[in-house]
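Number of protein chains: 4
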Amino acid sequence: MAVSVPEATNEQDLQQHRQKVEFLRNVLSLDDTAYDKVIRKIESFQVAVPSWALGTGGTRFGRFPAGGEPRTLEEKIEDVGLIHQATRATNSISLHIPWDIPKDATSILELLRENELIIDSVNSNTFQDQADQKYSYKFGSLCHTDDRIRKQAVDHNIEVVEHGIRLNSKVLTVWLADGSNFPGQHHFRKAYARTLDSLQQIYKAMPGDWNMLIEYKPYEPGFYSTVIPDWGTSYQMSQACGDRANVLVDLGHHLPNTNIEQIVARLLHFGRLGGFHFNGSHYGDDDLTTGSIKPYQLFLIFNELVAGANDRQVRNPAVAYMIDASHNIKDPIEDLINSLENIRSAYAKALLVNVETLEHAQHENDVVLCEQILQAAFQTDVRPLLAEARLRTGGSLDPIGYFRSQKIREKLIARRGKKSVATGL
Amino acid sequence: MAVSVPEATNEQDLQQHRQKVEFLRNVLSLDDTAYDKVIRKIESFQVAVPSWALGTGGTRFGRFPAGGEPRTLEEKIEDVGLIHQATRATNSISLHIPWDIPKDATSILELLRENELIIDSVNSNTFQDQADQKYSYKFGSLCHTDDRIRKQAVDHNIEVVEHGIRLNSKVLTVWLADGSNFPGQHHFRKAYARTLDSLQQIYKAMPGDWNMLIEYKPYEPGFYSTVIPDWGTSYQMSQACGDRANVLVDLGHHLPNTNIEQIVARLLHFGRLGGFHFNGSHYGDDDLTTGSIKPYQLFLIFNELVAGANDRQVRNPAVAYMIDASHNIKDPIEDLINSLENIRSAYAKALLVNVETLEHAQHENDVVLCEQILQAAFQTDVRPLLAEARLRTGGSLDPIGYFRSQKIREKLIARRGKKSVATGL
Amino acid sequence: MAVSVPEATNEQDLQQHRQKVEFLRNVLSLDDTAYDKVIRKIESFQVAVPSWALGTGGTRFGRFPAGGEPRTLEEKIEDVGLIHQATRATNSISLHIPWDIPKDATSILELLRENELIIDSVNSNTFQDQADQKYSYKFGSLCHTDDRIRKQAVDHNIEVVEHGIRLNSKVLTVWLADGSNFPGQHHFRKAYARTLDSLQQIYKAMPGDWNMLIEYKPYEPGFYSTVIPDWGTSYQMSQACGDRANVLVDLGHHLPNTNIEQIVARLLHFGRLGGFHFNGSHYGDDDLTTGSIKPYQLFLIFNELVAGANDRQVRNPAVAYMIDASHNIKDPIEDLINSLENIRSAYAKALLVNVETLEHAQHENDVVLCEQILQAAFQTDVRPLLAEARLRTGGSLDPIGYFRSQKIREKLIARRGKKSVATGL
Amino acid sequence: MAVSVPEATNEQDLQQHRQKVEFLRNVLSLDDTAYDKVIRKIESFQVAVPSWALGTGGTRFGRFPAGGEPRTLEEKIEDVGLIHQATRATNSISLHIPWDIPKDATSILELLRENELIIDSVNSNTFQDQADQKYSYKFGSLCHTDDRIRKQAVDHNIEVVEHGIRLNSKVLTVWLADGSNFPGQHHFRKAYARTLDSLQQIYKAMPGDWNMLIEYKPYEPGFYSTVIPDWGTSYQMSQACGDRANVLVDLGHHLPNTNIEQIVARLLHFGRLGGFHFNGSHYGDDDLTTGSIKPYQLFLIFNELVAGANDRQVRNPAVAYMIDASHNIKDPIEDLINSLENIRSAYAKALLVNVETLEHAQHENDVVLCEQILQAAFQTDVRPLLAEARLRTGGSLDPIGYFRSQKIREKLIARRGKKSVATGL
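As you go down the protein sequences, you meet chains X, Y, W and A in turn. Residue numbers for the first sequence follow this note's numbering, beginning at 10 and rising by one. Residue numbers for the second sequence follow this note's numbering, beginning at 10 and rising by one. Residue numbers for the third sequence follow this note's numbering, beginning at 10 and rising by one. Residue numbers for the fourth sequence follow this note's numbering, beginning at 10 and rising by one.
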């Protein structure tokens with residue numbers, strides 16, 4: 010597979026694209042330098058795709074497979090490669106252990122290189138029982154009351170790090186299903202203390218150049234409480250672990266009506282925003298296409314990220330951007346392309362915000378002007394800029410169109426079968 | 010298995026029970042007639058247990074089986090029989106088709122009779138694809154844009170009714186997963202019209218003494234919209250079907266902060282409350298033990314039910330009471346016993362409300378007195394009344410204690426194995 | 010005051026506007042006919058401004074007046090005239106009785122005519138006690154247990170209609186604060202019946218060419234229940250009143266996560282969507298600028314409205330569009346201009362949806378394509394179209410800029426004073 | 010006024026009370042020592058009543074006064090004295106400045122002594138503009154962009170402390186309305202930094218034996234963001250201020266579905282739970298009677314408080330318990346009596362939890378048993394214990410009955426008038 014799409018596939022749309030992007034430059038009054046700067050920023054904004062999201066997802070009520078799903082880590086890399094080829098927006102993969110333990114790290118690294126991909130973070134799994142597992146996580150893992158089970162879970166995380174080292178990853182993401190379903194089940198304070206102790210053990214076992222991301226989630230699968238329900242808890246735990254432990258924000262992991270962009274700003278202010286799990290949400294952890302439900306909220310989040318990145322007073326480590334979604338009814342590859350484009354759209358719009366004017370209006374409490382500045386950026390149709398960034402880097406002007414016209418799903422089905430099942434599903 | 014628990018198992022607690030119940034009679038100033046009336050009402054309040062909830066439940070993240078789970082319809086009936094023996098509170102089973110298609114209706118009816126059980130409602134399943142199914146329900150069933158798929162779903166429902174007829178059921182419950190995940194996916198008005206048309210076909214195919222219950226749910230598995238999201242839609246559809254179509258209220262199927270007791274009152278007022286799915290909920294359709302999270306809300310719901318039942322102006326059909334929960338971490342049998350007791354507790358408290366005084370206080374807008382009347386009933390410890398009702402009907406004074414002391418789970422595991430899996434899970 | 014803005018005020022921006030709108034025409038491939046059709050549709054989309062929203066709003070915690078607020082109905086008309094002059098998007102006023110009882114209907118009608126305005130709906134107020142009122146609405150109005158108080162509330166509504174008749178209105182909007190704060194306070198079924206009886210009395214008293222809009226709201230000021238909490242209740246009540254009673258949807262009157270666009274589609278399907286109260290909401294009935302929080306949701310609502318308007322199978326009466334917001338920190342006039350522009354933006358984007366292609370994709374369950382069609386319309390920057398519509402009808406290319414550069418607030422303060430208070434606040 | 014209710018008023022109910030409480034002792038198997046210990050704990054549990062909550066409250070839509078409302082601080086003390094006389098459950102008052110600035114501290118202290126009351130915390134008000142105020146808080150107070158306004162707000166808080174010193178208070182409660190209504194209005198990071206700087210100034214100005222309580226609230230009056238929206242932010246700010254700054258939890262200040270009891274446990278674990286504002290909530294900051302909507306949640310919160318108080322590993326300062334509610338439709342005095350009794354009920358039930366058995370069941374993950382232990386305590390009817398505690402300390406067996414039979418409201422109206430208005434309303 011070539012890392013760039015064939016030029017011919019863009020030919021038809023090229024002229025119209027040139028017109029659109031030229032016009033937008035004029036509207037935005039961007040000189041050559043400013044224009045190139047924006048395009049290059051968009052080009053370099055890359056989001057990792059998770060290895061567990063290349064097959065059809067499901068709910069507890071059922072799963073409706075699409076066909077042609079990747080059966081192995083190698084095939085998952087191939088799919089991410091296809092997405093990256095068309096979008097040039099995802100140069101990395103988040104890996105899920107034990108679903109995607111590489112048998113031969115060297116050949117995996119070679120395959121990644123061929124696809125211009127790297128391994129982003131590695132993710133542990135203590136929310137399910139594996140066939141060969143000694144103790145069950147039914148009542149928790151890192152928080153468990155039984156020391157042996159906690160040790161098993163800690164050891165699993167350390168093993169995940171070891172797999173990651175072999176693949177040149179530097180980041181461990183910890184999401185815990187640990188929680189309770191009924192009042193009284195958990196001793197809240199002890200569960201917190203045990204979990205923190207476990208995390209500290211894992212943290213200490215990581216190499217000195219590794220980072221730990223601690224995810225929070227208010228409910229599901231725990232339906233009464235979770236051990237790490239909110240950013241406040243994640244933040245406390247990351248502080249108690251050390252400088253290289255930070256908070257991971259998953260957009261679907263909040264109670265109704267939460268102002269997520271403010272949480273992002275808070276964590277940037279504290280220098281503890283470690284990473285993102287992007288997805289779309291209407292009700293809970295719906296794991297829909299990013300930007301499909303609340304595109305303005307996504308823009309406001311990126312507005313904080315861009316402002317934070319440009320503010321010298323913010324001392325935050327590099328943020329790990331990942332998608333974490335479930336493709337229940339869309340083709341997984343198309344769904345991921347949708348997400349990647351929506352994320353870049355929000356990012357590009359945030360780049361257009363006139364920060365200086367905004368801060369002045371904020372200082373003067375000119376509320377109408379503050380909002381107009383954000384709205385002006387949000388209402389701008391940035392699709393030509395995204396297309397230009399793809400074009401310059403060898404991607405497709407129309408990634409979904411490319412995927413469909415090249416009959417990629419049909420070819421994958423032909424090779425992998427109609428009823429293939431991705432590992433971990 | 011005997012239908013009553015051995016008297017000896019109650020002996021130890023008997024004296025203390027007598028004291029407690031006697032005291033409570035005094036506190037409540039109940040003469041013999043009033044006392045007997047209350048106990049008899051409690052005795053006769055029966056709630057169906059669903060055949061699909063006797064095994065360990067799970068979430069999309071995993072399932073942690075308990076062992077000794079029933080493998081067949083016969084074993085499910087055995088489990089419900091055990092629960093009924095100890096609680097005398099569940100004389101019926103809701104059946105799920107195709108998970109529990111009886112091979113031999115006659116022998117099933119005989120087994121039911123032995124356990125003093127009947128079949129309550131039968132439930133169709135168009136939210137999953139079965140192995141031998143021609144068309145997929147990935148994009149809906151009764152709402153589907155493709156006539157052939159709609160026909161398949163309608164036919165399935167009619168088949169479910171036929172199974173039900175053989176088992177002396179009279180009620181079809183329809184819960185639809187039909188919905189959408191993304192804006193634009195559904196043509197809302199057409200999806201409504203197609204669904205209604207399908208329901209009307211099913212309604213017409215039912216025998217004249219059958220009832221249809223139409224369930225609503227705002228989200229999950231559809232994470233953008235569902236075709237029947239709220240009571241208003243269920244009610245419209247039931248009206249458009251006919252007199253024997255009514256609304257089913259599942260306690261977990263509401264948006265945050267919904268006043269469910271008012272919906273119950275509304276449907277009683279309209280004479281369209283057909284049935285209940287009981288469960289407990291903190292966040293969404295959590296399917297926890299009924300009464301485990303918001304016991305006061307459960308009481309307020311029963312307050313409406315009891316008031317409605319005693320009000321001649323209310324012309325509502327008999328309400329079908331069922332549990333619909335998922336036993337993810339508790340032993341399924343213990344969990345169901347918990348639910349049954351919590352439901353009867355709410356019912357018994359509602360029986361203690363002084364309706365006449367309450368209505369007078371309501372008329373006078375004496376808000377403090379209105380609330381005191383409800384609170385007086387709710388704060389009363391009715392556990393002795395529930396125990397007395399169980400005792401009089403051959404149940405256990407302490408059903409959970411009975412289950413544990415008789416080592417019932419251990420015996421079930423010995424017979425069925427540690428890794429048995431209930432059909433449908 | 011002139012009804013058009015001076016041409017000179019648009020001169021500076023004119024050339025750039027011409028370029029932008031011309032380019033957009035090309036992008037959208039609109040020929041002259043199609044282009045004119047879109048612009049004319051936008052021009053003719055008018056939204057009423059409420060007479061109660063021209064002063065600074067507040068919360069129960071406080072109010073921070075802006076100065077120059079209109080003190081009389083005449084001054085309120087003047088303010089709406091100013092907004093209409095700049096935006097050409099609001100040709101009518103919703104009137105609040107008793108806050109804005111006209112002393113001399115003839116002169117008010119003349120003043121309206123001068124400002125090219127009409128009276129849209131009239132709104133009753135039974136949620137507050139007026140100084141001269143015989144009975145208190147503390148415990149309800151149309152739902153009250155006391156017949157005398159119900160009669161007073163019914164009579165007030167009839168009086169409101171009479172005022173409306175004199176001002177050529179044809180619509181009565183009924184929003185009820187009737188509800189309860191504590192369990193037990195209301196007899197739900199009786200409160201429903203009494204309220205319906207009251208509404209029926211009012212309905213019968215209306216002239217044959219009048220319409221009644223019945224608003225729903227789940228909470229506030231009632232914090233346990235309201236008599237008309239949801240669309241289902243409004244719809245039932247409107248059906249029970251008659252053909253000219255319909256449901257009013259206020260965007261802020263929903264529980265968290267409600268899919269409002271589906272409710273809109275439902276009511277259109279039933280032919281009972283009577284009107285809209287536009288505002289923005291993050292948490293509850295926040296009464297913010299329309300479109301300021303969830304612009305995509307606003308677009309999706311308009312997508313239903315436009316689709317419904319173009320569908321012959323939909324037999325819905327003309328919908329009354331009104332703003333109902335509270336201007337707590339923005340200048341009220343600027344805030345209303347913001348809302349009007351955001352509403353028209355959502356409308357214009359909805360006009361760009363390719364309905365035919367969408368319906369085909371819906372029928373084929375091509376979910377990705379369905380969403381792309383909506384997203385393509387939403388992401389289009391329609392500001393040039395809105396500007397063109399304003400320009401053609403005598404409005405300003407930049408209404409907020411016009412308001413500020415003309416120092417309108419300063420002039421209003423000079424005339425009305427810094428501490429003027431609008432009637433009703 | 011006597012500090013005890015006349016013995017005669019309890020005579021009628023005395024015999025029945027003795028029976029009930031004796032029976033309950035038997036059921037609970039409490040020997041004399043254990044029984045006295047429980048009763049004494051209940052007796053000593055005191056909750057402050059706020060000076061601002063003795064008049065009728067209201068919403069932004071209106072207020073319906075009850076009559077006889079206290080017009081001065083002296084009359085407010087009188088009302089709290091009456092409540093304390095009947096309930097013996099509120100020995101202190103939270104004071105609101107500037108609404109209740111004492112003219113003569115000495116005479117106020119004397120009046121408090123006569124009523125066996127003390128001043129609990131003092132509360133600043135920077136959410137409203139006072140008539141004589143130089144700068145407006147329209148756009149914030151402690152977070153304001155203008156240094157002069159921030160200084161004014163800091164100075165006000167220091168002045169509040171000075172008033173408190175004169176009244177022997179030791180606690181300053183800071184609730185901020187600071188927030189924003191629209192995206193872009195606030196620079197989140199700068200607003201946080203400015204607010205913290207202001208709080209640190211106030212903290213430094215407090216005497217060394219004073220404590221500061223920092224309240225959080227997610228929305229209202231800010232409808233897009235607030236500066237201190239959640240416990241995480243309060244906690245960070247309290248840490249950054251110093252050891253005597255702690256978090257105040259108001260039960261109504263949470264997003265939908267929040268597990269508040271876990272937050273309480275978290276703050277106890279961190280040793281930073283400073284105080285409580287008790288009230289009841291169905292939707293948002295509804296400020297209803299405490300325990301009127303979710304009594305089980307209230308019990309679960311007290312379960313954490315009692316467990317924390319008995320755990321030597323918890324090093325938390327003394328918690329300040331206050332009611333903060335709005336009496337919109339109930340008589341304010343009756344409403345406060347309701348709240349005080351419901352709070353004590355939750356507390357008494359929490360005292361009955363068998364902590365040792367619970368912790369053992371938690372350690373064994375016996376989820377059913379854990380829940381049964383809590384449920385056994387919750388279902389116990391503790392009203393006789395509360396009555397006994399009141400009786401022993403000179404209160405009334407039936408406080409609401411006492412208030413009504415003594416015609417206290419009628420007497421207050423006779424003295425204060427039908428249309429009196431409490432300061433601050």
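Possibly wrong hints are sitting among the right ones.
Which copy is meant is left open, because identical chains are indistinguishable; a pair holds if it fits in one copy or across any two.
[To be verified] Okay, derived cross-link-like pairs now, BS3-like style, lysine-lysine, Cα gap no bigger than 30 Å in a straight line:
hint, residue 1, residue 2
1, LYS416, LYS143
2, LYS29, LYS46
3, LYS416, LYS147
4, LYS29, LYS50
5, LYS199, LYS50
6, LYS160, LYS213
7, LYS420, LYS112
8, LYS199, LYS112
Hints listed in this document are in silico derivations from the structure and should not be mistaken for laboratory results.
Checked hints:
1. Taking the closest pair of Cα atoms, LYS416 and LYS143 come within 30 Å of each other only across two copies (25 Å); inside a single copy the shortest separation is 45 Å, beyond that limit.
2. Taking the shortest Cα distances, LYS29 and LYS46 sit within 30 Å of each other both inside one copy (18 Å) and across copies (23 Å).
3. Taking the closest pair of Cα atoms, LYS416 and LYS147 come within 30 Å of each other only across two copies (21 Å); inside a single copy the shortest separation is 43 Å, beyond that limit.
4. For the identical chains of this complex, LYS29 and LYS50 are neighbours both inside a copy (19 Å) and across copies (26 Å), given an alpha-carbon limit of 30 Å.
5. In this homomeric assembly, LYS199 and LYS50 come within 30 Å of each other (Cα to Cα) only across copies, at 26 Å, whereas the closest approach inside a single copy is 46 Å.
6. Taking CA atoms no more than 30 Å apart as the test, LYS160 paired with LYS213 passes inside one copy only; the shortest distance there is 14 Å, against 46 Å between copies.
7. Taking the shortest Cα distances, LYS420 and LYS112 sit within 30 Å of each other inside one copy (26 Å), while across copies they are farther apart (43 Å).
8. Taking the closest pair of Cα atoms, LYS199 and LYS112 never come within 30 Å of each other, the shortest separation being 39 Å inside a single copy and 50 Å across copies.
Checked against the numbered hints above, the structure violates only hint 8.
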